[in-house]
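Work the whole structure out from these sequences, hints included.
Chains A and B, in that order, give the protein sequences. In terms of numbering that gives the first Met the number 0, the first sequence opens at residue 0 and continues consecutively. In terms of numbering that gives the first Met the number 0, the second sequence opens at residue 0 and continues consecutively.
Since the hints were derived computationally from the structure, they do not count as laboratory data. If you're wondering where the values come from, they're calculated on a predicted model, not measured in any experiment. Ideal placement from N, C-alpha and C gives every residue a C-beta, glycine not left out. Warning: the hint list may mix true and false statements.
Not everything, but these chain B residues come out facing chain A in the computed CB check (under 10 Å) [as the list claims (entries may be wrong)]:
(1) Tyr26
(2) Asp58
(3) Cys60
(4) Val75
(5) Arg88
Letter by letter, the chains look like this.
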Amino acid sequence: MSEHVTLTEGNVEKETTTINIGPTHPATHGVFQNIVELDGETIVSAEQTVGYIHRAFEKIAEHRTPYQITTLTDRLNYCSSPINNFGWIIACERLLEIKIPKRVDYLRVIIMELARISDHLICNSIVGVDSGAFSGFLYLMQYRELIYEIYEEICGSRLTTNMGRIGGFERNFTNQAFEKLEKFIKDWPPVLEEFDNLFVRNRIFMDRTIGVGPISAERALNYGFTGPNLRAAGVDYDVRIHTPYSSYEDFDFTIPVGSTGDCYDRFLVRDQEMKQSMEIIKQAYQKVQEFKGAEAEVFHADVPDYYLPDKKDVYTKMEALIYHFKIIMGETKMPVGEIYSSVEGANGELGFYFISDGGRSPYRLHFRRPCFIYYQAYSELTKGGLLSDAIITMSSLNLIAGELDA
Amino acid sequence: MALTNEIIRQKLTEKFGDQITDWAEPYGMLTFSSDKNLNLKVLQHLFDDSSLGFQFMTDLCAVHYPEKEGKELAVVYHLHNLKENVRVRYKVFTDVKKPDVFSATALYSAANWMERETYDFYGVNFVGHPNLKRILNVDDMKYFPMRKEFPLEDQQRTDKDDEMFGR
Numbered sequence: 000m001s002e003h004v005t006l007t008e009g010n011v012e013k014e015t016t017t018i019n020i021g022p023t024h025p026a027t028h029g030v031f032q033n034i035v036e037l038d039g040e041t042i043v044s045a046e047q048t049v050g051y052i053h054r055a056f057e058k059i060a061e062h063r064t065p066y067q068i069t070t071l072t073d074r075l076n077y078c079s080s081p082i083n084n085f086g087w088i089i090a091c092e093r094l095l096e097i098k099i100p101k102r103v104d105y106l107r108v109i110i111m112e113l114a115r116i117s118d119h120l121i122c123n124s125i126v127g128v129d130s131g132a133f134s135g136f137l138y139l140m141q142y143r144e145l146i147y148e149i150y151e152e153i154c155g156s157r158l159t160t161n162m163g164r165i166g167g168f169e170r171n172f173t174n175q176a177f178e179k180l181e182k183f184i185k186d187w188p189p190v191l192e193e194f195d196n197l198f199v200r201n202r203i204f205m206d207r208t209i210g211v212g213p214i215s216a217e218r219a220l221n222y223g224f225t226g227p228n229l230r231a232a233g234v235d236y237d238v239r240i241h242t243p244y245s246s247y248e249d250f251d252f253t254i255p256v257g258s259t260g261d262c263y264d265r266f267l268v269r270d271q272e273m274k275q276s277m278e279i280i281k282q283a284y285q286k287v288q289e290f291k292g293a294e295a296e297v298f299h300a301d302v303p304d305y306y307l308p309d310k311k312d313v314y315t316k317m318e319a320l321i322y323h324f325k326i327i328m329g330e331t332k333m334p335v336g337e338i339y340s341s342v343e344g345a346n347g348e349l350g351f352y353f354i355s356d357g358g359r360s361p362y363r364l365h366f367r368r369p370c371f372i373y374y375q376a377y378s379e380l381t382k383g384g385l386l387s388d389a390i391i392t393m394s395s396l397n398l399i400a401g402e403l404d405a
Numbered sequence: 000m001a002l003t004n005e006i007i008r009q010k011l012t013e014k015f016g017d018q019i020t021d022w023a024e025p026y027g028m029l030t031f032s033s034d035k036n037l038n039l040k041v042l043q044h045l046f047d048d049s050s051l052g053f054q055f056m057t058d059l060c061a062v063h064y065p066e067k068e069g070k071e072l073a074v075v076y077h078l079h080n081l082k083e084n085v086r087v088r089y090k091v092f093t094d095v096k097k098p099d100v101f102s103a104t105a106l107y108s109a110a111n112w113m114e115r116e117t118y119d120f121y122g123v124n125f126v127g128h129p130n131l132k133r134i135l136n137v138d139d140m141k142y143f144p145m146r147k148e149f150p151l152e153d154q155q156r157t158d159k160d161d162e163m164f165g166r
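And the structure:
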């Protein structure tokens, strides 16, 4: 104890309290720390500390081959890892200038939109938990399970998916995958409707979130906000529209925007985005079904230098074995060049700045993590508000510690 | 009139003449660089000029080129004009022995943490930054780990005999 606080008469109201929220605290939903200075229940100032689960991905990536980096991207935003996987794979494909078959693009769109739904449903139901409504969270978890079962059918794993190959998928979608997708398309919308009924016009929820943690469009842009948090402030920037990848230009969907940038708007934007994602999935599934004959079996582009051959062929065919070894050992070089490629992650623009010197691994790979960039606005968002509002603001920003620290 | 790479190049050449160099367009993104002391002037112009309007900072990071004498560290800015939907990449190079680069925090609030991260990993000293301290690594770290002279640990090393973490 270095300082002993002595209270003299008349100065009690000047006293402030320092509270640590985190590094491990149920309210942070991840490992990061907020040191808040409180005057009563009002936040006077707040400071964030990050880096508790920093794993040096950028350094490790400088020593790894592309397929080994996919597993690193899994662990950025682990609530929607397929988007990160494809973001990275698309960056490689753009560097290699590979043309991807339409069917692969549409299948990827289905998976990426499912991932967006699974991410948004967690975020929105956590906002519910932090405002005192626990049941929505438990209810929606069942439906995230359905999404994970679809992943499982496609790549064999659930959370850290490591999905996709340069040029396409590791294998074609099975009939079971499509059956599960159909089940999800059928079961999910009414559940989301129910979830809406629970929250959207709920007086208590509205009182807890309207006007809480607001940010103006100018400040949000200056702070580098992207994704739902930026759109809640009223800026209709979406990478899917502005720099289409994976044939997003073929789909008909709208970008929901808010106006005040407060927690309620962020909630509504995510809510509407889930519905738009559902529309995209339906359209994509229909387009996938329209392929006939040989086209209906396409699941990767013909790029033997970068696409891992089928394991069955590796055991029986000499050529496949050679390619397998070349790719696994990193003997297939990436071209010299630099590229910035981004996708619309669940939290915003997930960018990959990839400098290749022609070697087996990137000379430099920088991840633009949306979380890391918008979390710095947190102290500005919460200043002058109540402590309980700061908790809701944190969850409605959807901070994922894995993405913060990389 | 849509903002194209040619127009951006023309506008910048009008203002800065031949001080902006290394024009390139890898994969369609206009890339250029300048002297590191000009960085704030160039960024300010890109931000303020009504026809350029690069008011969104997408990304800021550094790259280490140990073999480039006197230009070892590159600070790379990715800027975005959201209205016209055009991106540019702007680089400044600095000597690793005196890595002072002016901070862009006054223009872009987003640069705050990104500059701290860049300082943390490459040791670029952003002059004018309000709170330049380590962000992801521990505070008492003595070196800048993303520089190329720090290799990853040898996977074959056998001299560790820690019961929990050794191999």
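Against the structure, the hints:
no. : hint  : result
1   : Tyr26 : holds (5 Å)
2   : Asp58 : holds (4 Å)
3   : Cys60 : holds (4 Å)
4   : Val75 : holds (7 Å)
5   : Arg88 : holds (7 Å)
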